[in-house]
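Protein sequence lines, in the order shown, are assigned to chains A and B.
In terms of this note's numbering, the first sequence opens at residue 64 and continues consecutively.
In terms of this note's numbering, the second sequence opens at residue 619 and continues consecutively.
Heads up, a few of these hints could be off.
What the hints assert, rightly or not - Just a sample of chain B residues kept apart from chain A, beta carbon distances all over 12 Å, derived:
no., residue
1, Glu-635
2, Ala-689
3, Glu-709
4, Ala-721
5, Arg-727
6, Met-753
7, Ser-761
8, Gly-768
9, Met-779
10, Ser-794
11, Arg-826
12, Ala-841
13, Ser-847
14, Arg-858
Said to hold, decoys possible - Across the chosen pairs, the derived CB separations fall in these ranges:
no., chain 1, residue 1, chain 2, residue 2, range
15, B, Gly-657, A, Glu-434, 34 to 40 Å
16, A, Ala-131, B, Asp-733, 40 to 46 Å
17, B, Ala-734, A, Ala-131, 46 to 52 Å
Stated by the list, open to error - Below are the SDA-like pairs computed for lysine to any residue, each with C-alpha atoms no more than 20 Å apart in a straight line:
no., chain 1, residue 1, chain 2, residue 2
18, B, Lys-759, A, Arg-110
19, B, Lys-759, A, Arg-501
20, A, Lys-392, A, Arg-501
21, B, Lys-759, A, Glu-486
22, B, Lys-759, A, Arg-382
23, A, Lys-430, A, Arg-382
Everything labelled a hint here was simulated from the structure, so no lab data went into it.
Glycine included, each C-beta is placed from N, C-alpha and C at the ideal position.
These are the residues of each chain, in order.
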Amino acid sequence: MTRRTALKSAPEPAVTSLLTRHEVLARHLPGLNSRWLAECRTAALARFQEAGLPGRQVEEWRYTPLGALAGIAFQPARLSPAAEVHALPTAILPLDGCRLMMVNGGLDAALCDLGRLPKGLQVHSLAHVLNTHPERLEPWLATSAAGPMADLNSASFHDGVLIHLAAGTVAETPLHLVSVGVAVDHPVDFHPRVVVVLEDEARATLVESHCGVVDQPYFSNGVVEIYLGRNAHLTHVKLQDEAPEGWHVASHAVDLAEGAAYHATVLHTGGRLARHQVRVRLRGPHAEARLDGAYLVDGIAQVDDTIVIDHEAPHCRSRQLWKGVLDGKGRGVFQGKVRVARAAQKTDAYQLSRALLLSPQAEADGKPELEIYADDVKCGHGSAVGALDDAALFYLTSRGIGRAEARRILMEAFVAEVIDGVEEPAVREALAGLVRRRLGGMG
Amino acid sequence: MPLLDIRNLHATVDGTEILKGIDLVIQPGEVHAVMGPNGSGKSTLSYVLTGREGYRVTAGEVLYRGRDLLAMAPEERAREGIFLAFQYPVEIPGVVGMTFLRAAVNAVRKHRGQDALDAMQFVKLARQKARDLEMDEEMLKRSVNTGFSGGEKKRFETLQMALLEPSLIMLDEMDSGLDIDALRLVADAVQRMRSTERGMLVITHYQRILSLLPPDRVHILSAGRIIQSGDRTLAEELERTGYGAFQERAA
Numbered sequence: 064m065t066r067r068t069a070l071k072s073a074p075e076p077a078v079t080s081l082l083t084r085h086e087v088l089a090r091h092l093p094g095l096n097s098r099w100l101a102e103c104r105t106a107a108l109a110r111f112q113e114a115g116l117p118g119r120q121v122e123e124w125r126y127t128p129l130g131a132l133a134g135i136a137f138q139p140a141r142l143s144p145a146a147e148v149h150a151l152p153t154a155i156l157p158l159d160g161c162r163l164m165m166v167n168g169g170l171d172a173a174l175c176d177l178g179r180l181p182k183g184l185q186v187h188s189l190a191h192v193l194n195t196h197p198e199r200l201e202p203w204l205a206t207s208a209a210g211p212m213a214d215l216n217s218a219s220f221h222d223g224v225l226i227h228l229a230a231g232t233v234a235e236t237p238l239h240l241v242s243v244g245v246a247v248d249h250p251v252d253f254h255p256r257v258v259v260v261l262e263d264e265a266r267a268t269l270v271e272s273h274c275g276v277v278d279q280p281y282f283s284n285g286v287v288e289i290y291l292g293r294n295a296h297l298t299h300v301k302l303q304d305e306a307p308e309g310w311h312v313a314s315h316a317v318d319l320a321e322g323a324a325y326h327a328t329v330l331h332t333g334g335r336l337a338r339h340q341v342r343v344r345l346r347g348p349h350a351e352a353r354l355d356g357a358y359l360v361d362g363i364a365q366v367d368d369t370i371v372i373d374h375e376a377p378h379c380r381s382r383q384l385w386k387g388v389l390d391g392k393g394r395g396v397f398q399g400k401v402r403v404a405r406a407a408q409k410t411d412a413y414q415l416s417r418a419l420l421l422s423p424q425a426e427a428d429g430k431p432e433l434e435i436y437a438d439d440v441k442c443g444h445g446s447a448v449g450a451l452d453d454a455a456l457f458y459l460t461s462r463g464i465g466r467a468e469a470r471r472i473l474m475e476a477f478v479a480e481v482i483d484g485v486e487e488p489a490v491r492e493a494l495a496g497l498v499r500r501r502l503g504g505m506g
Numbered sequence: 619m620p621l622l623d624i625r626n627l628h629a630t631v632d633g634t635e636i637l638k639g640i641d642l643v644i645q646p647g648e649v650h651a652v653m654g655p656n657g658s659g660k661s662t663l664s665y666v667l668t669g670r671e672g673y674r675v676t677a678g679e680v681l682y683r684g685r686d687l688l689a690m691a692p693e694e695r696a697r698e699g700i701f702l703a704f705q706y707p708v709e710i711p712g713v714v715g716m717t718f719l720r721a722a723v724n725a726v727r728k729h730r731g732q733d734a735l736d737a738m739q740f741v742k743l744a745r746q747k748a749r750d751l752e753m754d755e756e757m758l759k760r761s762v763n764t765g766f767s768g769g770e771k772k773r774f775e776t777l778q779m780a781l782l783e784p785s786l787i788m789l790d791e792m793d794s795g796l797d798i799d800a801l802r803l804v805a806d807a808v809q810r811m812r813s814t815e816r817g818m819l820v821i822t823h824y825q826r827i828l829s830l831l832p833p834d835r836v837h838i839l840s841a842g843r844i845i846q847s848g849d850r851t852l853a854e855e856l857e858r859t860g861y862g863a864f865q866e867r868a869a
């Protein structure tokens with residue numbers, strides 16, 4: 064696809080365009096008949112107007128200010144997909160099972176494959192639910208995601224997905240949710256919204272893939288809200304493989320009741336700039352959160368993973384493991400914060416982030432933070448930034464393996480610790496294949 | 619033509635001269651032992667011959683089957699048949715043993731104009747060679763050398779040697795970290811690889827391994843020079859008198 068250098072209309076600051084546009088769009092947003100939602104959207108809009116795009120002066124956004132977005136003249140996304148999209152899903156992750164497809168933030172029924180939807184699992188277009196039974200969303204929607212970008216999403220989203228798993232239900236096959244950005248004639252922004260509810264004792268695997276069919280910049284500003292009931296178990300894999308022109312911001316909020324378990328693995332292989340932000344609340348005792356992540360960046364791309372885990376109840380466990388491979392002028396940021404409330408005795412929390420720098424211009428920043436108000440806890444963190452191990456490299460080449468292949472083997476091994484943690488074999492294999500291909504072009 | 623012909627080899631590490639003029643010729647079928655005290659340059663010699671970074675050759679030349687060995691990259695040397703069993707094999711977490719072995723074997727096979735082995739063919743071959751070494755197959759599913767005992771590491775080195783079928787085998791302190799049974803097993807495996815085409819260079823501090831792997835020639839290395847060469851009786855003499863006597867004589 065050719066890249067168009069000149070934009071047709073004169074660029075105007077994105078914030079202004081997003082806000083003035085909102086007045087027009089608001090009339091078309093779903094669920095306006097329900098008062099709580101209208102109020103929620105209005106309040107979110109007011110907060111975003113007040114805060115603006117987060118800049119360097121905001122501590123949480125220090126390494127990844129979004130001011131540059133203001134220089135791109137985003138226009139509302141077209142809701143009808145381009146023909147190119149129909150060929151794409153198999154090119155991303157070859158996964159069997161149910162597939163949901165969102166194009167520019169809107170669920171596209173024609174592209175979904177819900178033929179093998181497990182019993183007890185309900186999947187709905189958010190727009191549809193908001194127009195027909197908005198009250199079904201009231202307990203969940205916009206109760207946990209916070210921050211200026213989540214607010215912008217709340218004010219702007221026109222569709223998304225509601226995934227609901229009934230109590231005691233086990234969804235055997237993974238549910239694959241694909242979000243595609245289509246920006247062909249002008250830069251577009253869209254704000255996908257996903258709500259996932261697993262009732263007590265339910266179990267499921269959700270795979271999220273993000274990609275783009277574009278020759279223009281695009282901005283995906285998603286929010287995912289996840290509620291896990293007692294002893295519910297969610298495996299959540301996210302692949303961020305946006306096009307090189309893609310700006311990706313995602314705000315995830317995860318809420319765990321007693322005994323619930325959440326295991327997330329995020330893999331960044333694309334994007335111009337990606338910010339993956341997660342807030343986990345361990346609200347019930349004996350809940351467990353494990354968040355693993357890997358990113359591969361080169362060129363001038365930047366990936367930022369910012370995690371906050373709130374231990375609010377006793378006997379909870381949390382783990383964070385992050386691995387980054389950086390080449391060119393790539394930049395990686397990992398901010399992991401663990402807050403342990405006074406009541407959260409016997410907390411067991413650990414985080415580790417490691418970055419592998421392949422080029423002298425690449426940069427990795429890490430900021431581990433522990434905020435502990437309880438006195439009987441086990442909390443720790445570690446981080447390291449380094450180059451490929453020369454001794455290991457020599458060992459491999461001394462056995463006949465070429466230098467380039469040896470480097471790739473070591474890079475793959477470095478990332479493997481994260482990828483190997485994915486329990487579902489088909490998903491794990493697909494991710495490993497993607498990592499292998501991506502690393503082939505690095506180092 | 620000699621298999622290996624080292625002529626007046628000088629090498630430095632971090633600007634310090636470690637090898638100060640080594641001459642050594644290995645003919646096909648011969649086993650040579652290089653013995654010497656710690657710091658005499660034994661390991662440096664093995665690293666210079668395998669092309670490790672940081673080891674700079676300042677004078678002399680090395681011909682391998684008549685070709686300039688020092689001009690070759692480490693992987694090229696390995697593909698041409700040079701193998702070093704390391705004294706301290708490096709742990710490589712995340713790289714599965716079986717995957718690593720197959721990548722190495724196929725790189726060498728490709729160089730020899732042979733077809734690559736697929737996963738099934740390779741697993742069969744590796745299993746058989748592992749059995750010969752009384753190695754637990756589970757070890758091949760683990761990360762390379764990671765968490766291995768000293769003995770396991772040496773067995774894994776020997777397995778690589780058996781799979782790669784090199785022409786020039788160098789053993790750097792093969793007996794360190796091995797109990798007598800494991801040493802015998804490893805030495806037997808190396809002994810089985812002795813042939814009229816292969817040459818071996820056994821680098822060792824102690825005479826122990828040489829009784830299991832009798833050398834044709836023994837060289838005593840001291841302060842970067844070979845101070846005496848002889849047949850296997852030299853190793854026995856060394857065992858009785860210690861290095862001191864030889865060093866005094868050389869001085």
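Cross-check of the supplied hints:
1. Glu-635: Check passes; 22 Å lies beyond 12 Å.
2. Ala-689: Non-interface label on Ala-689 of chain B holds, nearest chain A Cβ at 15 Å vs cutoff 12 Å.
3. Glu-709: Check fails; 8 Å does not lie beyond 12 Å.
4. Ala-721: violated (5 Å)
5. Arg-727: violated (9 Å)
6. Met-753: Non-interface label stands for Met-753 of chain B: nearest chain A Cβ at 17 Å, farther than 12 Å.
7. Ser-761: violated (8 Å)
8. Gly-768: Given a closest Cβ separation of 16 Å, the condition holds.
9. Met-779: violated (10 Å)
10. Ser-794: holds (17 Å)
11. Arg-826: About 25 Å separates Arg-826 of chain B from the closest Cβ of chain A, which puts it past 12 Å; holds.
12. Ala-841: Nearest chain A Cβ is 26 Å from Ala-841 of chain B, so the label holds.
13. Ser-847: Nearest chain A Cβ is 27 Å from Ser-847 of chain B, so the label holds.
14. Arg-858: holds (36 Å)
15. B:Gly-657 <-> A:Glu-434: 34 to 40 Å: violated (52 Å)
16. A:Ala-131 <-> B:Asp-733: 40 to 46 Å: Check failed, 52 Å falls outside 40 to 46 Å.
17. B:Ala-734 <-> A:Ala-131: 46 to 52 Å: Given about 47 Å between the Cβ atoms, the range holds.
18. B:Lys-759 <-> A:Arg-110: violated (54 Å)
19. B:Lys-759 <-> A:Arg-501: This hinted pair is violated, its Cα atoms lying about 25 Å apart.
20. A:Lys-392 <-> A:Arg-501: Holds. Lys-392 of chain A to Arg-501 of chain A sits at ~16 Å (cutoff 20 Å).
21. B:Lys-759 <-> A:Glu-486: holds (18 Å)
22. B:Lys-759 <-> A:Arg-382: At roughly 26 Å apart (the allowed maximum being 20 Å), Arg-382 of chain A and Lys-759 of chain B break the hint.
23. A:Lys-430 <-> A:Arg-382: holds (16 Å)
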